[in-house]
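Fit chain B to the known structure of chain A by using the hints.
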Amino acid sequence: MVTPLDIATITLVSAGVAFFIAGTLGLLRFPDAVTRLHALTKADNLGLGLIVIGLVLQADNVWQALELIFIWLLNNLAAATVAQLVARVALVAAPSSNRRSEA
Amino acid sequence: MTAAFVFDLALCALIVAVAVTAVAARSHFAAIVFFIVYGLFVAIAWVRLEAIDVALTEAAIGAGLTGLLLVGAAARFGPDEAARIAPTQTVRRLLGKLGQIAICATGAAALVVLLRMLPETAAGLHPLVQQKLAESGVSNPVTAVLLNFRAYDTLLESIVLTISLVGIWSLAPDRLWAGVPGAAHHARPEGVLAHFARALPSVGLLVGVHLLWAGADAPGGAFQAGTVLAAVWLLAVMAGLTEAPAVSSLRLRALIVLGPAFFLSIASIGAFAGAFLGYSTDIAKMSIFAIEALLTVSIAVTLALAILGAPRRTR
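Listed in order, the protein sequences are those of chains A and B.
Heads up, the final residue of the first sequence is numbered 103 in the numbering used here, and it's a clean run with no missing numbers.
Heads up, the final residue of the second sequence is numbered 315 in the numbering used here, and it's a clean run with no missing numbers.
Hints listed in this document are in silico derivations from the structure and should not be mistaken for laboratory results.
The beta carbon of each residue, even a glycine, is placed where N, CA and C say it ideally should be.
Misleading hints may appear alongside valid ones.
[Said to hold, decoys possible] Each pair of labels, with its calculated beta carbon distance range:
1) Leu66(A) x Leu125(B): 33 to 41 Å
2) Ala290(B) x Phe70(A): 26 to 34 Å
3) Ala75(B) x Ala78(A): 19 to 27 Å
4) Leu171(B) x Leu66(A): 44 to 52 Å
5) Gln84(A) x Ile52(B): 27 to 35 Å
[To be verified] Every beta carbon over 10 Å from chain B, so not counted as near; a handful from chain A, in silico:
6) Val17
7) Ile21
8) Thr41
9) Ala43
10) Leu57
11) Ala65
If we strip away everything but chain A, and leave its shape as in the complex, we get (with noise of 0.2 Å):
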């Protein structure tokens, strides 16, 4: 029997999903590393939480769910350094086409 909460989780999930899938787009058909490194950060972060969310709805109990968010934030805080770290090397290493695309 799917209950309202099985069909907000399935929601909530395949709107996570559809954000990777458009994080994923992006890796692919941007021009260069640094629009890359934005795509993957905000969307796939973005999707990630979503699922989160979702996956929270189905927890058994508060600690499942407040472990589940942290997962996310560890997720986040690790992306955001990662992000940060490849977009400097991505400068350094080709700083005119990557400096094109820099609004």
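For chain B alone, coordinates are given in the frame of chain A:
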């Protein structure tokens, strides 16, 4: 044709695709990245097979730590040279590739045939382990097997890990024998990496201790916890927040042998009572936890030093 079956099929296809990409990659770095991705997908496959301890170990050591080792090794190669294939060699290369694909396909087909011949549900040793689980001192059957019923294997594994570290250290030239492993790292103190390396170790310590403690009743254990601790320590070293200790440091060497030595001493105490590596039922849980705790420390130090490599400079 359930959703789970479709998911499993897609996962298998992804694993094969990523493996082929890793083998066919043009540069070392690309191959290593795809190898790490492959390790993570295999970890998901382990979860689907309900072997969560193996999944944790695969993700931590198989994908993470091995990937880090490979990146460090690839960094020493220098810039890649694009493979330039002379026209006359193209046919030979093509035939070589076809031969490789044929061998792999035959091997895969043979594996599939063998797997189909196995009985559908084979209980294996599971009922026997479940029978004796109550006496083992822990309630996670994997931990019971690793640290009680087959503790011999784990003891030898931890000693092998120590020996491998000695092997890595022996690659240093004579004059650097007491030197510091790893390059000198520096990061801007107000920069992103330094902040990350200050924020994460406390979280890593918490996660590592939790994995160790939860290993008795849930997936987890010494190796997984040790890898997490090694990773956050390496992060602090790479951000320049702390110096890697010199290889000749007595404290470092004591930490490295602490786990295996304690394990061996507990095993020998059992030998006086008649069974080498036997624990009496009442002290089993305590012995296992003590062994796991000290083993975690040793594994963390050993793995981190293995990544840092042979001593490369004097302080």
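For each hint, the structure was consulted:
1. The hint said 33 to 41 Å for the Cβ distance between Leu66(A) and Leu125(B), and at roughly 37 Å that hint holds.
2. The beta-carbon spacing between Ala290(B) and Phe70(A), approximately 29 Å, falls within the hinted interval of 26 to 34 Å.
3. Here the CB-CB span from Ala75(B) to Ala78(A) is close to 21 Å, well matched to the stated 19 to 27 Å.
4. In this structure the supplied range 44 to 52 Å holds for Leu171(B) paired with Leu66(A), their Cβ-Cβ distance being about 46 Å.
5. The hinted range of 27 to 35 Å is satisfied by Gln84(A) and Ile52(B), whose Cβ atoms lie roughly 33 Å apart.
6. Remark: the non-interface label on Val17(A) is consistent with the geometry, its nearest Cβ contact in chain B lying 13 Å away (cut-off 10 Å).
7. For Ile21(A), the requirement that its beta carbon stay farther than 10 Å from each beta carbon of chain B is met, with the minimum near 14 Å.
8. Against the 10 Å criterion, Thr41(A) stays outside the reach of chain B, whose nearest CB is about 13 Å from its own CB.
9. With a minimum CB-CB distance of about 19 Å to chain B, Ala43(A) clears the 10 Å threshold, and the non-interface call stands.
10. Distance check on Leu57(A): its Cβ is at least 19 Å (rounded) from any Cβ of chain B, clearing the 10 Å threshold; non-interface status holds.
11. Non-interface call for Ala65(A) relative to chain B: holds, since the shortest CB-CB distance, roughly 17 Å, exceeds 10 Å.
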